[in-house]
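Asker: Taken in order, these protein sequences are the chains called S and R.
Its first residue numbered 1, the first sequence is counted upward by one per residue in our numbering.
Its first residue numbered 1, the second sequence is counted upward by one per residue in our numbering.
Possibly wrong hints are sitting among the right ones.
What the hints assert, rightly or not - Below, a list of computed lysine-lysine pairs in the DSS-like style, where the Cα atoms sit at most 30 angstroms apart:
hint, chain 1, residue 1, chain 2, residue 2
1, S, Lys93, R, Lys335
2, S, Lys58, R, Lys301
3, R, Lys210, R, Lys23
4, R, Lys423, R, Lys210
5, S, Lys35, S, Lys160
6, S, Lys58, S, Lys35
Stated by the list, open to error - Chain R is faced by these chain S residues, among others (derived, beta-carbon under 10 angstroms):
hint, residue
7, His40
8, Pro42
9, His46
10, Gly47
11, Gly92
12, Lys93
13, Phe108
These are calculated hints, taken from the structure and not from any lab test.
Yeah, the Cβ is synthetic: ideal placement off N, Cα and C, and Gly gets one too.
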Amino acid sequence: MSENQQKRPALYLAEYESPEALAKAAMKVRDAGYKNWDCHSPYPIHGLDEAMGLPPTKLGIISFICAMLGLTTAVLMIWYMNVYDYPLIVGGKPAAMSSFPSMVPIMFECTILFTGFGTLFGMLHLTRLPRHHHPIFESDRFEAVTDDKFFISIEVEDPKFDLDRTRSLLESTGPSHVELVEEAVA
Amino acid sequence: MSAANSNNNYRLSEGSRWAGLWKVAAGLGVVGLGITAWAFLADPVHFGYSYLYGFFAILTFLFGALFLVIAEHLTAGHWGVTTRRLAEFILAGAPVLAVFGAIYLVLALTGKVHVYDEWMGGHHDDEAAHAVVEQGLFGASVAHASSGESHGAHGDLYPRGHSAQEAELHHHVLEHKAPYLNKSRFFIFGLVYLLIWVGLSFFYYRRSVKQDEDHDPSHTVKLRAFAPVAAILFGLSLTFAAFDWLMSLEPAWYSTIFGVVIFGGSAAAIFALLIVWGVSLHRSGEVGDAINVEHIHDLGKMMFGFFCFWTYVSFSQWMLIWYAGIPEEAVFFHKRWQGGWQTVSVMMILLHFALPFLLFISRIFKRNLVWARIMASVILFIHLVDVYWYVLPNGSPVVGHGMLFDVGALLMVGGFFFALVFKKMNDHALIPVGDPLLERSLHHHQSY
Chain S
1 MSENQQKRPA LYLAEYESPE ALAKAAMKVR DAGYKNWDCH SPYPIHGLDE
51 AMGLPPTKLG IISFICAMLG LTTAVLMIWY MNVYDYPLIV GGKPAAMSSF
101 PSMVPIMFEC TILFTGFGTL FGMLHLTRLP RHHHPIFESD RFEAVTDDKF
151 FISIEVEDPK FDLDRTRSLL ESTGPSHVEL VEEAVA
Chain R
1 MSAANSNNNY RLSEGSRWAG LWKVAAGLGV VGLGITAWAF LADPVHFGYS
51 YLYGFFAILT FLFGALFLVI AEHLTAGHWG VTTRRLAEFI LAGAPVLAVF
101 GAIYLVLALT GKVHVYDEWM GGHHDDEAAH AVVEQGLFGA SVAHASSGES
151 HGAHGDLYPR GHSAQEAELH HHVLEHKAPY LNKSRFFIFG LVYLLIWVGL
201 SFFYYRRSVK QDEDHDPSHT VKLRAFAPVA AILFGLSLTF AAFDWLMSLE
251 PAWYSTIFGV VIFGGSAAAI FALLIVWGVS LHRSGEVGDA INVEHIHDLG
301 KMMFGFFCFW TYVSFSQWML IWYAGIPEEA VFFHKRWQGG WQTVSVMMIL
351 LHFALPFLLF ISRIFKRNLV WARIMASVIL FIHLVDVYWY VLPNGSPVVG
401 HGMLFDVGAL LMVGGFFFAL VFKKMNDHAL IPVGDPLLER SLHHHQSY
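The whole structure should be built from the sequences, with the hints applied where relevant.
Answerer: This is the structure:
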């Protein structure tokens, strides 16, 4: 990145020394009403969900809908193939829905298949992944997030984001360092 | 957390209603003993089925508890440490089952239990004389009123055991199976199973309560080191006990997954029991916050997983037999699809799978303690019906016949068993206070 390239603020990054400090700070940011922000830590921290005020995930609903979709697809597919379009007697069982037991494995597999895909792609959608780059990686200090440091980031897209007020909020939470991360304007 | 347990040593508080619970159980046990004694005199043939039902139904709780405790030591997880003590109380009841099991083996050896007459010999011929049945393996059975005396009120119309004709058909198969299906092996193997279960139960229970006193982590190390061996011993003994005691009721029939089905039901039942018990303890304030919604949620997930597993193996067992349509395999399900057993079979599909699946799948359901206890009670009830469904169709071809005796035997074994289990609640802490993982378990928490 050349010196004269134009930059704009992307996010504030506050660094903490312990998970306790991170959780306490998260509660303050949550109570201040921010939406576009996140916590970063080297490992999962119990209770951070509540501290951040995260709502329950919607992934379960997506999975359930996909499961029902898979079950319906399997029933319709078997009905169309084995009962309606090309009735075929196998093992002396009637080519009708009364041979239901032999269809159960297919129904089960289709349900699982659709649920698996639904859960994977639902998760990717909810987490907005895959994403190739994020301005947070412009920060050199952020590399310690996979080692021994804890971070809170508040993004400029947040409606409450304000260069001065957001900085003073973060500084009031007792971080060991606060920086404004900038990204290059394309 | 609560006033009842302010000293935080996790012992039952003074005057707790849990302290006297064992007396209620013992009282029910005495009532059951009376009914079973009456059954022994009034209907000696049905008595065998009743006794087997009562014994095996309660035995499945010991299976479940052994599985849970061994699995927790195998995996070294912290989520279940606080609720593990409840399973260890169940292990403490093993001597009662050993006594009832030994009595059963002796009764079978001396010909007082007629459930295995087809392959044990015994008094089968006498029985056949009482009720002669023409039964094609697949046809409807036609019972002829016999001239001889009957064993019970329905003795003539609803013959128990097998007809002479059926035995004739099975004769070749049974001859082939004789090296396994014979009296002496049945008796010796039975004793070995009982020894394994009592040994494993005492090992895991005693070391854990000893750790309460000395807080020595070396107990945990030893219990974990032995867990793989214990798991193998447990798995083999459960499988073969299921073969010996339940599957051999229908000696010509076999299913290689039979033991796994029994295991799946037992595992679902122990998690259901721990949910009912744990929620009740939580409500009464005896364990403070040591058993809270996080632990119940995990038990709920395991219960959900295992009744689904039970469904999976049960359905697989049934579907393969349905698909092949071979008479000697289908006879097992044929018996369970007549004489009113259809209702019980359908009830199992609904209550052991469909209903709890839909009404317990959500996290919201599992974290609602009231709802979790209701669903766990449903699973406990249907588990008792499950064992009933395995044992009784051979004893009472019409469902409900001799049911008072069956319930009596269940009360007898269950009453004395849980009397000892609840008695132990007075002697030890309600959670393993010496376990090295206790602190993590107390702060157990589930993320989204």
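Asker: Next, verify each hint and record whether it holds.
Answerer: Structure-based check of all given hints:
About 21 angstroms separates the Cα atoms of Lys93(S) and Lys335(R), which keeps this hinted pair within 30 angstroms; it holds. The suggested pairing of Lys58(S) with Lys301(R) holds, with an alpha-carbon distance near 19 angstroms, which does not exceed 30 angstroms. Our distance criterion of 30 angstroms between C-alpha atoms is met by Lys210(R) and Lys23(R), whose separation comes to about 26 angstroms. With a C-alpha separation of about 17 angstroms, the suggested pair Lys423(R) and Lys210(R) falls inside the 30 angstroms cut-off, and the hint holds.
At roughly 8 angstroms between alpha-carbon atoms, Lys35(S) and Lys160(S) fall within 30 angstroms of each other, so this suggested pair holds. Our distance criterion of 30 angstroms between C-alpha atoms is met by Lys58(S) and Lys35(S), whose separation comes to about 17 angstroms. The interface hint given for His40(S) is violated, since its Cβ lies 15 angstroms from the closest Cβ of chain R, which is over the 10 angstroms cut-off. Of the supplied interface hints, the one on Pro42(S) is violated, with its beta-carbon coming no nearer than about 16 angstroms to a beta-carbon of chain R, more than 10 angstroms.
Nearest Cβ of chain R to the Cβ of His46(S): about 4 angstroms, under the 10 angstroms cut. The hint holds. Of the supplied interface hints, the one on Gly47(S) holds, with its beta-carbon coming within about 6 angstroms of a beta-carbon of chain R, less than 10 angstroms. At about 7 angstroms, the closest approach between the beta carbon of Gly92(S) and any beta carbon in chain R falls short of 10 angstroms, and the interface hint on this residue holds. Interface hint at Lys93(S): satisfied, since its Cβ lies 7 angstroms from the closest Cβ of chain R, which is below the 10 angstroms cut-off.
Annotation: interface hint on Phe108(S) holds; nearest CB of chain R at approximately 9 angstroms, less than 10 angstroms.
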